[in-house]
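The opening residue of the sequence shown carries number 1 in this note's numbering; numbering runs sequentially from there.
By construction, these hints were calculated from the structure, which means they are not laboratory data.
Just so it is clear, CB atoms sit at the ideal spot from N, CA and C, and this is done for glycine as well.
Don't take every hint at face value.
What the hints assert, rightly or not - For lysine to any residue, the following SDA-like pairs were computed, each having C-alpha atoms within a straight-line distance of at most 25 Å:
| # | residue 1 | residue 2 |
| --- | --- | --- |
| 1 | Lys63 | Ala114 |
| 2 | Lys115 | Glu36 |
| 3 | Lys99 | Lys70 |
| 4 | Lys63 | Thr49 |
| 5 | Lys99 | Glu36 |
| 6 | Lys64 | Glu36 |
| 7 | Lys25 | Ala114 |
| 8 | Lys64 | Ile29 |
| 9 | Lys99 | Lys67 |
| 10 | Lys115 | Ser17 |
| 11 | Lys67 | Ile119 |
| 12 | Lys25 | Tyr123 |
| 13 | Lys115 | Asp31 |
| 14 | Lys5 | His75 |
| 15 | Lys25 | Val79 |
Unchecked claim - Here are the in silico distance ranges between beta carbons for each label pair:
| # | residue 1 | residue 2 | range |
| --- | --- | --- | --- |
| 16 | Asp113 | Asp9 | 32 to 40 Å |
| 17 | Lys115 | Lys25 | 20 to 28 Å |
| 18 | His75 | Gln10 | 18 to 26 Å |
| 19 | Val90 | Glu36 | 29 to 37 Å |
| 20 | Gln10 | Ser50 | 23 to 31 Å |
| 21 | Leu110 | Lys67 | 27 to 35 Å |
| 22 | Ser50 | Asp113 | 30 to 38 Å |
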Amino acid sequence: MAKEKISADQLISVIISGIEDVKGKEINILDLREIENTVCDYFIICEGTSNTQVNAIVNSIQKKVSKELKDHPWHTEGVDNAEWILIDYVNVVVHVFQKHVREFYDIESLWGDAKTTVIETSY
Numbered sequence: 001m002a003k004e005k006i007s008a009d010q011l012i013s014v015i016i017s018g019i020e021d022v023k024g025k026e027i028n029i030l031d032l033r034e035i036e037n038t039v040c041d042y043f044i045i046c047e048g049t050s051n052t053q054v055n056a057i058v059n060s061i062q063k064k065v066s067k068e069l070k071d072h073p074w075h076t077e078g079v080d081n082a083e084w085i086l087i088d089y090v091n092v093v094v095h096v097f098q099k100h101v102r103e104f105y106d107i108e109s110l111w112g113d114a115k116t117t118v119i120e121t122s123y
């Protein structure tokens, strides 16, 4: 049985939902498709207020994607210190930061040519 292809839009929607379930903050989607030589199509960037919340966001994303889309990340890194965890779903890469680390690395500025979508949250 062939695995059904999951669209980037489906994956992004489920990832955002997973972030919102545990009240992840400052959610941005960077569309990298118009930029040459990128490693993926989208970055999703958000932040948590502590190591515990960063881990909770990552766990929520992975559980929700696994349950709803039957997909698993190709690679995950940064889990040990939980200041910046990267979840690689190949064409969508999720960055979950603590606020001070996000400000230090400022990925949004590094990828300033990307079309950015800010996700409004109600909490």
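Do the hints match the structure? See the list:
1. Lys63 with Ala114: violated, 28 Å
2. Lys115 with Glu36: It holds: about 13 Å lies between the C-alpha atoms, which stays within 25 Å.
3. Lys99 with Lys70: Violated, at about 30 Å.
4. Lys63 with Thr49: holds, 20 Å
5. Lys99 with Glu36: violated, 29 Å
6. Lys64 with Glu36: Violated - the C-alpha atoms of glutamate 36 and lysine 64 are around 31 Å apart, more than 25 Å.
7. Lys25 with Ala114: holds, 20 Å
8. Lys64 with Ile29: Within the cut-off at roughly 18 Å; holds.
9. Lys99 with Lys67: violated, 29 Å
10. Lys115 with Ser17: Distance ~21 Å between lysine 115 and serine 17 Cα, so the pair holds.
11. Lys67 with Ile119: Since the Cα atoms of lysine 67 and isoleucine 119 sit roughly 23 Å apart, the hinted pair holds (cutoff 25 Å).
12. Lys25 with Tyr123: holds, 9 Å
13. Lys115 with Asp31: holds, 5 Å
14. Lys5 with His75: holds, 19 Å
15. Lys25 with Val79: The given pair, whose Cα atoms are some 19 Å apart, holds under the 25 Å limit.
16. Asp113 with Asp9: 32 to 40 Å: violated, 21 Å
17. Lys115 with Lys25: 20 to 28 Å: For lysine 115 and lysine 25 the Cβ distance comes to about 21 Å; the hint holds.
18. His75 with Gln10: 18 to 26 Å: holds, 20 Å
19. Val90 with Glu36: 29 to 37 Å: This hint is violated: roughly 18 Å between Cβ atoms.
20. Gln10 with Ser50: 23 to 31 Å: The hint (23 to 31 Å, Cβ to Cβ) holds, given that glutamine 10 and serine 50 are roughly 30 Å apart.
21. Leu110 with Lys67: 27 to 35 Å: holds, 33 Å
22. Ser50 with Asp113: 30 to 38 Å: Given range 30 to 38 Å: holds, Cβ gap about 32 Å.
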